[in-house]
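**Q** Heads up: the sequence shown begins at 644 in my numbering, then just goes up one per residue.
Do not take every clue at face value.
What the hints assert, rightly or not - Quick list of in silico lysine to any residue cross-link-like pairs, SDA-like style, CA-CA up to 25 angstroms: (1) K696 with K828; (2) K790 with D762; (3) K737 with F840; (4) K902 with D765; (5) K846 with N781; (6) K701 with T733; (7) K897 with Q867; (8) K737 with D762; (9) K742 with P909; (10) K725 with V763; (11) K725 with D765; (12) K707 with L734.
Rather than coming from a laboratory, the hints here were simulated on the basis of the structure.
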Amino acid sequence: MNTKSIQLSALAIVFGFFTAQAQINFGERALGAVQKGMTGFTFSDADAAALSKPAVDKMDAENKVAIPTDPYAIRLASVFGKYTKGEFYTLNYKVYLTKDINAFATADGSVRVFSGLMDVMDDNELIAVIGHEIGHVNNHDSRDAMKALYQKEALIDAAASQSTKVAAVTDSQLAKIGSAMIDSKYSRKQESEADLFAYDFMKKNGYDVNAEESAFRILAKMSQGAQSSFIDQMMSSHPDSSLRADEAKARAEKDGLYKPYVQKMPVVKKTTTTKKTATKKKK
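Working from the sequences, and respecting the hints, build out all of it.
**A** Listed below in structure tokens is the structure:
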């Protein structure tokens, strides 16, 4: 992967503690395709999706994506593939084959799950994580964050700042917005609301809501490792994972659904080949 690529971890709606190695170059061609119509302060979900789509396509091209027959892709499809329709978005799912622990969703409905996350969480825990990511899209968090960056960059132009509408931005301005998004973080309130969205989704669809607490306990434990200082820096705007686990437990207790969660990691079937051995005929 090109190490000079711009990291898109802020465009991704980050749930996990480890930075995405997925990266993107904001090239002139990709930016030019989405700059048309991006005018004024009105910034719709469609506008945010239009800006996200070429960025995600670029990420997909630069990362190793699990093919449909890959065990990771099969597992993700069985866990969450049937959930595709939202109020204003259509979801699509892919697995990035990387040891990093992360998952994200973007305004265009793209959900990307890292195989490293799938290695440490069972299906119910993954549903809690992915549900959280989709919660950010459903709650318009990704749209609002992108809108704020768009406005900020467009207002750099003195002429634009004197107008009630922002003029169409240039490719270079969009590139600056992409760079600024690296440092964009969601508020604690937005993170908590996304957690609640995931909990309600699990409850509504008959999943074990206690897996949400378990998922946060896993992440909290990882934060105590060698990368804890880096993790704390990355997650400075997020509620503490232990606190989020406690809040998930309290929700389940309030609903009379709490019980200690027992992780059930799936058995991944691997394709094996057997060698045929020749046998001598007895004379």
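**Q** Determine for every hint whether it applies to the structure shown.
**A** Going through the hints against the structure:
1. Between K696 and K828 the alpha-carbon distance is near 20 angstroms, which keeps this suggested pair within the 25 angstroms criterion.
2. Proximity of K790 to D762 is assessed by CA-CA distance (about 35 angstroms); at most 25 angstroms being required, the pair is judged violated.
3. With a C-alpha separation of about 21 angstroms, the suggested pair K737 and F840 falls inside the 25 angstroms cut-off, and the hint holds.
4. For the hint pairing K902 with D765, the CA-to-CA distance comes to about 17 angstroms; that is within 25 angstroms, so the pair holds.
5. Simply put, K846 and N781 have alpha-carbon atoms about 17 angstroms apart, close enough for the 25 angstroms limit, and the pair holds.
6. With a CA separation close to 19 angstroms, the supplied pair K701 and T733 stays within the 25 angstroms bound.
7. Taking the CA atoms of K897 and Q867, the gap is near 29 angstroms; set against the 25 angstroms cutoff, the hint is violated.
8. The straight-line distance between the Cα atoms of K737 and D762 is roughly 15 angstroms, inside the 25 angstroms bound, and the hint therefore holds.
9. Under the criterion of a C-alpha separation no larger than 25 angstroms, the hint pairing K742 with P909 is consistent with the structure, at around 18 angstroms.
10. Distance check on the hinted pair: K725 and V763 sit about 22 angstroms apart at the alpha-carbon level, within 25 angstroms; holds.
11. Distance check on the hinted pair: K725 and D765 sit about 18 angstroms apart at the alpha-carbon level, within 25 angstroms; holds.
12. Pair hint K707 plus L734 holds up; C-alpha atoms about 20 angstroms apart against a cutoff of 25 angstroms.
Violated hints, in rising order: 2 and 7; the structure is consistent with all others.
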